[in-house]
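*Asks:* Going down the list, the protein sequences come from chains R and L.
The first sequence runs 621 to 849 under this note's numbering.
The second sequence runs -9 to 342 under this note's numbering.
No incorrect hints appear here.
Which residues of chain L face chain R? A partial, calculated answer using Cβ under 10 Å:
(1) PRO84
(2) MET90
(3) VAL98
(4) VAL102
(5) VAL119
(6) LEU120
(7) LEU121
(8) VAL123
(9) SER124
(10) PHE125
(11) PRO126
(12) VAL127
Far from chain L, some chain R residues (derived; all Cβ distances over 12 Å):
(13) ARG680
(14) MET694
(15) LEU785
(16) ALA831
Just so you know, these hints were derived from the structure itself, not from any lab.
Glycine residues also receive a C-beta, built at the ideal position from the N, C-alpha and C atoms.
So the chains spell out like this:
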Amino acid sequence: MSTYKELTWQGLWNNNPALVQLLGLCPLLAVTATVTNALGLGLATLLVLVGSNITVSLVREFVPKEIRIPVFVMVIATFVTVIQLLMNAYVYGLYQALGIFIPLIVTNCAIIGRAEAYASKSPWHHAAFDGLMMGLGFTLVLVLLGGIREIIGNGTLFDGANLLLGEWAAGLRIELFTVDYPLLLAILPPGAFIVMGFIIAGKNWIDQYRAARAEKPEKVVTRARVTSQ
Amino acid sequence: MTFKIAASPHTHQRRTTQQVMRWVYFALIPGVLAQTYFFGFGVYIQLALALLTAWVAEGLCMRMRGRPIGHAWQDHTAIVTAVLLAVSIPALAPWWIIVMGTAFAIVVVKHVYGGVGQNLFNPAMAGYVLLLVSFPVQMTSWPIPAELAQIQVSITDTINLIFTGFTSAGYNLEQLRMGIDGMTMATPLDSLRNDLNHQLTLTEALNKPIFGDIAGIGWAWVNLAFLAGGLVLIKQKIISWHIPGGLLVGLLVPSAIYWLFNPDQAITPMLHLLSGATMLGAFFIATDPVTAATSNKGRWVFGLLVGFIVFAIRTWGGYPDAVAFAVLLANMCVPIIDRYTQPVAYGHGGRS
Chain R
621 MSTYKELTWQ GLWNNNPALV QLLGLCPLLA VTATVTNALG LGLATLLVLV GSNITVSLVR
681 EFVPKEIRIP VFVMVIATFV TVIQLLMNAY VYGLYQALGI FIPLIVTNCA IIGRAEAYAS
741 KSPWHHAAFD GLMMGLGFTL VLVLLGGIRE IIGNGTLFDG ANLLLGEWAA GLRIELFTVD
801 YPLLLAILPP GAFIVMGFII AGKNWIDQYR AARAEKPEKV VTRARVTSQ
Chain L
-9 MTFKIAASPH THQRRTTQQV MRWVYFALIP GVLAQTYFFG FGVYIQLALA LLTAWVAEGL
51 CMRMRGRPIG HAWQDHTAIV TAVLLAVSIP ALAPWWIIVM GTAFAIVVVK HVYGGVGQNL
111 FNPAMAGYVL LLVSFPVQMT SWPIPAELAQ IQVSITDTIN LIFTGFTSAG YNLEQLRMGI
171 DGMTMATPLD SLRNDLNHQL TLTEALNKPI FGDIAGIGWA WVNLAFLAGG LVLIKQKIIS
231 WHIPGGLLVG LLVPSAIYWL FNPDQAITPM LHLLSGATML GAFFIATDPV TAATSNKGRW
291 VFGLLVGFIV FAIRTWGGYP DAVAFAVLLA NMCVPIIDRY TQPVAYGHGG RS
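All chains should be modelled from the sequences, with the hints used to inform the complete structure.
*Replies:* Here is the structure:
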């Protein structure tokens, strides 16, 4: 059981693909203008990651070491194509909003990184769980970033959630405040970089805080000196 | 507290940071007076708002970082940032514009990077770019020079405009910016850029009331006033002449060549030099000792680069003026410039 706990911890926090490994930054920064887009891309990446991790793990005995990278890329591309066709069929609005970034999941280093570093060396159930947790960690960061940018830039949350979740989700839209002139920078790419910097800083701050708390203060013994030295 | 041990020879700098910064904002006075004369009292309100925001933001940041607050207030660098931002934005812009810009400049651009002397980018210009990218309408709504305006704006009206958006008579900024013919007037560079893009010739484009004899009514004098202040700084050895010189040459030479080759479709070199934020940028913004290159040769290169980028963006880019973008882009190149223009230490190098 401890393997699973370790994998959860690694994927969600210690080795989070977006915050620590800084992989997959291109989609991360490009599509997180709203929570809906972020969630859509995050879930797509999650599914691809789980699928590719399982497959890579299952075929790891048969793939010659010399050509493993092309094989991994083929596996990932297959899953991305499946996801892309599914999104085209069932969430067409979101499919259009995300555009080129769905096929670009193939080039997301977080996925091939997990295939190479973990899935190709582990049994399939561990690999599947690792993919799930890494994907979840990635998705959470995407949603957080999308949420902050959407609030600062638009004053709303879950705008256009019906594109992803169906008509009932249109009621999810929360209007926090209305501004006549939105802060465009938060929606534009530079805003993504700035907010991302603050999120990483926040994570490091929490880590430092916990490390400082975990360290037990040493007991200080004061002795009265009698001699002058 | 670290003691940095540098090899001799040492030179003694008599001036403290505070004194240098004080000279900088005193030298801005002629420019501010000229702006007041042509564009009204709004600039003072913007200055007050910017200074207040900078003071509060600086104090809060130093507190959060656990540093002594008094030190930050005493070195006056935040004051210079606030003043530079206040004179670069339109005098009648709504109050939250300058507050947001100054807060961003101090908190994100200065203190996140480590405070005084550590920032990569010029805080005032980074704040300006944030505002320009986010609020293009407010940031390009310069009031028209007083002598062309239909409605003169009093001090009370200025305050009303900045805080509520309307004068006491109910005019908004857009209406105040109309000339006698009912057309909204843009700044000289903005109007020229639009007209040249619409296939007008230079002579036709210049045939508008905002262009006076030299380079736009008001703007030429504001620039000359900043030039005067800048020359005082050079005389006082607060700044070296390399950066402003490089910037003006870097702007003048390409624009003159471009203008000579197609005299009817290019902005004249004179307009380049005396319009927009050229002089303010050359003498006060690009010369920021923290973010500019350090050696004299490096300063030359830095200045030339800023000047050329200003020319390029004004001529082919999407924005009418470009000093802020040019300074930020050149700031990014400073580490490379410094690397390749490092002076040879005394006694090293040479021919034999």
